[in-house]
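Since each chain comes alone in its own frame, lean on the hints to assemble the complex.
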Amino acid sequence: MAMSNPLFQYTLRLGDDLLILSHRLSEWCGHGPILEEDIALTNRSLDHLGEARNLLTYAGQVEGKGRTEDDLAYRRMERQFTNVKLVEQPNGDYAHTMARSFLFDAYHLPLMQALLKSKDEQLAAIAGKSVKEATYHLRASSEWMVRFGDGTAESHQRAQAALDDLWTFTGELFESDDVLAQMTQAGIAPDMAAVKAAWSKTVDEVLAEATLKRPADGFMATGGRKGMHTEHMGYILAEMQHVTRAYPGAEW
Amino acid sequence: MITKDRILELLDYVKDPEIPVINVLELGVVRGVEVEESGKAIITITPTYTGCPAMDAMAADIKKELLAAGVPEVEVKMTLAPAWTTDWITDTGKRKLKEYGIAPPEKTADIRALKGEAPVVLCPHCGSKDTVMLSPFGSTACKALWKCNQCLEPFDQFKCL
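Chains A and B, in that order, give the protein sequences. Note that the working numbering gives residue 111 to position 76 of the first sequence, counting from 1, and the numbers run on in steps of one. Note that the working numbering gives residue 330 to position 71 of the second sequence, counting from 1, and the numbers run on in steps of one.
The following block holds chain B by itself, in its conformation from the complex (with noise of 0.2 Å):
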């Protein structure tokens, strides 16, 4: 029978389909794995935000890569509550997403933040701090539109929420 451990690693495998280098664990939505007697794993997830298009496809891929891995049965169920947030994206995970070229989100509890002051959000391509939000919607649900000031690039920026 394939243990909790097993399946962990296994979810180690299924990508966000819209940010394919970081996988489900780094990004917080996995809330529970459980195994059953008849190895049935119920796998529950939450969404990132509401109307993100990706959750299906994730809740499609994990069902997928377990069923594959030869678990007889797979449920994967949805949370709302407690609502994510982007401080369960794991270190790895944030450092990834850098390197893809994706601010990753500050704190939601940074000092910054508490005195409602503006994040500093350094550019993933050159480190600049020296720059500007162009919009705070991008590409998808969970990124703003940001720009550097020092290489000119503009980047998108995983939002804090």
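One chain only, chain A, in its complex shape (with noise of 0.2 Å):
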């Protein structure tokens, strides 16, 4: 069953992954440190969640079956996401949710621009808009690591236990397997090694600039895009899913 539809499944973890870190986002809104922040995450979970919509929209056209945006939103259960395990890490302080956000664009970037080049013309289609917003959220969110890591005390130990806490999470993004090797033989999928030798340029000379040390490999968490997730994930369905649960089919 899992090999049925690989571009229906490789899409789907693309916009898995944007839905759920929007919706982290999201719950900064009205809690924010400073105004201008609270302003730019809640533009930032925006930019992701209109990026969710055209890839789940698109998976529910490749898929066939004629499942919607919503349906795929609102209506699966926690083991049938496919979203990393960092994206539904919970926010914590405000370092934690940007070293989140940081190792997330890092990553996200360089994927989008190799996307470009996919054989598959909407996916190439959703890259083409999404590689510009993806551009400026790495240059806020970098920022970020360098003010925090360059602050003050207190702030550089906050940024960098917020990166050894957040690391094991970071091997599932470049993680490979049937769907993955499938899409990529195809050209619709990018090289991931290629992608991994940007995010690991990224890291390191930002981390470097913000004088914050990159943890060492060591275990790395796995097993979300086969839909095995931390015990945060239900608490984030249970909240996101809930108007649709209780009132299933309402239009307003």
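Don't read these hints as lab results, they were simulated from the structure. Even glycine gets a Cβ: it sits at the ideal position worked out from N, Cα and C. Zero decoy hints are in this set.
Short derived list, chain A residues pointing at chain B, Cβ under 10 Å:
hint : residue
1    : Ser57
2    : Glu71
3    : Ser80
4    : Asp82
5    : Gly85
6    : Asn89
7    : Glu156
8    : Lys164
9    : Ser165
10   : Val166
11   : Lys167
12   : Tyr171
13   : His172
14   : Ala175
Given below as structure tokens:
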């Protein structure tokens, strides 16, 4: 069953990462440390949501069973979500939220740049939109890493703690399996080794400027792509899907 | 039967719901206008920013405007490629943005951008070059927040894409 439609699965993964990260960031709405950042986080959340909508809509078309973006976002169970565990991690303090976005943005930008050359025209078109926004997302989260790392002793310590805590979730971003291998072979997904090299370079450069230490690779969490999530995922879905579950078919 | 030219005239009245001084043609989101034998109009639009919530409203407004003018059937299609760029905002559109208090986007092929330098953004209130970006994220997905060091007024800048 898993291999029945690799393009559907691949598109769904890309969409699920953005949907869940978008939801996490939206939790900051009204709670940002300063007004400008509150606005920045909700803008970022909205950009990710827009991209998730494009991807989930397309995934539904590829699947060909009539499922819409809403069906995929609101009517799947936890085990059917294929996002990486990084994006479902709690917001924590501001350094934690920014470190999570930084680690994701540094992966997302080169991935979108590579997808511009995808043999799948619609994925290439979606990437063409996303790449412009991903560029300033990465710039903004990089600036925050530098500001925290090279700031006060307290902000430095918090940024380092966030990186150390989240590092175990970065391996999954570049994990390969049959779906990805098939998509890469078909020229639809890019060579992830090149994306990882770009990610690694950005991480090294920004962390050096931020006077932060790149954590050593150790145990890497896995399973998100197969629907195995951390305990946080259920709570996200409970909130995100609440209205649809309580009032099935509601429209306004 | 309503002609393509008449439809373009009608589209002049469809404003951006979030920046109501500029219409969909000036914004550069209308990528195609077709009129079929039956009189059905097919309008193709492209989203500005991926998550822009105004796109659904624009599509609904286009339908409403054309149906009210007697077009028998209207279909609004979305296209993603080629991706929208702020270079498609017309000169009239840019002038209207400035008059409204929003600094219009610079050209993406600006020589300064090619050299990797920061863009010069003129204050839409006093025209000063002495401005500073406060945040790359502004009141809507398409805008960044700036401040003028001369007149001290904050202002929105239409982000260059």
